[in-house]
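Peer 1: Letter by letter, the chains look like this.
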Amino acid sequence: MRFLSTTFGLALAVLATFVAVGAAATLAVGSTSLAAGNGSVSSCGVSSLTAARKVDNSGNVTEVDVAGIPSACSGEKLSVTLTGSGNASLASGTATIGSCAPTCSAAVTGISPAVAASNLLGYVFAVQG
Amino acid sequence: MKTLRRTLVLLAALSTFGAAAGYAATLSVGSNHLWDGTQTLTKNTCTLTGTTQTTDTFVEQDHAPNTHGTEPTFNVQSATGKAHWAFVSFDLSSCNLPATAGADTATLSLRLNTKPAQDRVLTVKPVTASWSESLNWTSAQTLTYGAATTTFHTGTTNNVTLSIPVTIDVDAKIKSASANYGWRIDDEGAISATQTSTFASANGASNRPTLVISYEK
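From first to last, the protein sequence lines stand for chains A and B.
Heads up: the first sequence is residues 32 to 160, going by my numbering.
Heads up: the second sequence is residues 74 to 290, going by my numbering.
Extracted from the complex, chain A is given alone in its bound form (with noise of 0.2 Å):
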């Protein structure tokens, strides 16, 4: 009795670490259990931006420059996307929002594809922390 009582105990422990372990493969997909709920997401303090762009002597969009974002964006994450024609989305590129003093700017470098500056037309903004 003790050793079937024993092996049965065996034969359980090594049965509940597959499940366990088939379990933890599928947490992915699936919830045991859910639950909903609000949390504020707010600005940083923006109200605005403007951009003001560098060409080389070819005219293409070299950096977008963006100042005067308050400081408590800093290390904030900037996006910039240049639109032309349409509002279609010609190029974007990201930065880190630093150098506060006592307002914070970011450059975004590195436009790709390149960008004819009489193509665009606007600019489009987030800012993400």
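Calculated from the structure, these hints are not laboratory results.
The structure displayed is predicted, hence computed values, not measured ones.
Among the clues, some could well be false.
Said to hold, decoys possible - Straight-line C-alpha distance at most 27 Å; calculated DSSO-like pairs for lysine-lysine:
hint, chain 1, residue 1, chain 2, residue 2
1, B, Lys155, B, Lys290
2, B, Lys248, B, Lys198
3, B, Lys248, B, Lys116
4, A, Lys85, B, Lys248
5, B, Lys198, B, Lys155
6, A, Lys108, A, Lys85
7, B, Lys248, B, Lys188
8, B, Lys290, A, Lys85
9, B, Lys116, B, Lys155
10, B, Lys248, A, Lys108
11, A, Lys108, B, Lys155
12, A, Lys85, B, Lys188
13, B, Lys198, B, Lys188
14, B, Lys155, A, Lys85
With chain A fixed as given, assemble chain B onto it according to the hints.
Peer 2: Just chain B now, with coordinates in the frame of chain A:
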């Protein structure tokens, strides 16, 4: 019985471990701050030419004190000890551009009245100190200059208009009036024979230097 209890405890522990691992794997990432916005640009063109908007002259190495600010033409010349440098600048104030504007393209047009004997490559450099039409060779040596903006060929045809891209310098000047004060044009090719290019100046009756700026603001 004792063994059975131990087995159940072990089973419970393993189940708990699996549940804990599952909970950790469902943690998500969020943002504390989010903001988005847009900026729209407007495009336009400004053309500068004429005596009130243009300052030009040339200086001569072989006649160092001479000034030529009121003459109808200016020269660029290469020759050992006889170099001539031309200077051209434009007053952008009539374009009413804010410092936040920018040049999309800027093209300097010069009328080549008289070609050199052979095709020459002329160099355009921004002048980074102020000057006037009373400039001469001696005072030109005290000015400061930036790196070459561009070069262009004179060609070997008289009475043609040459277009020279100067976007980067005009863009910089829109953003800061003291970024540059126009350009020096010279022939930096080492040559002993005299090669002179003669251009129409702003003091001439026609074909004056022209700067066309396509800009955004």
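Peer 1: Now, for every hint given, state plainly whether the structure supports it.
Peer 2: Verification of the supplied hints:
1. With a CA separation close to 44 Å, the supplied pair Lys155(B) and Lys290(B) exceeds the 27 Å bound.
2. At roughly 18 Å between alpha-carbon atoms, Lys248(B) and Lys198(B) fall within 27 Å of each other, so this suggested pair holds.
3. This hinted pair checks out: Lys248(B) and Lys116(B) have alpha carbons roughly 16 Å apart, not beyond 27 Å.
4. Between Lys85(A) and Lys248(B) the CA atoms are separated by roughly 10 Å; this keeps the pair inside 27 Å, and the hint holds.
5. With a C-alpha separation of about 19 Å, the suggested pair Lys198(B) and Lys155(B) falls inside the 27 Å cut-off, and the hint holds.
6. Proposed proximity of Lys108(A) and Lys85(A) is supported: the alpha carbons are some 21 Å apart, at most 27 Å.
7. The straight-line distance between the Cα atoms of Lys248(B) and Lys188(B) is roughly 35 Å, outside the 27 Å bound, and the hint therefore fails.
8. For the hint pairing Lys290(B) with Lys85(A), the CA-to-CA distance comes to about 13 Å; that is within 27 Å, so the pair holds.
9. Between Lys116(B) and Lys155(B), the direct Cα distance comes to roughly 44 Å. Violation of the 27 Å bound is thereby established for this hinted pair.
10. Between Lys248(B) and Lys108(A) the alpha-carbon distance is near 26 Å, which keeps this suggested pair within the 27 Å criterion.
11. Proximity of Lys108(A) to Lys155(B) is assessed by CA-CA distance (about 57 Å); at most 27 Å being required, the pair is judged violated.
12. Proximity of Lys85(A) to Lys188(B) is assessed by CA-CA distance (about 35 Å); at most 27 Å being required, the pair is judged violated.
13. With a C-alpha separation of about 21 Å, the suggested pairing of Lys198(B) with Lys188(B) holds against the 27 Å cut-off.
14. Distance hint between Lys155(B) and Lys85(A) is unfulfilled; the C-alpha atoms sit about 38 Å from each other, more than 27 Å.
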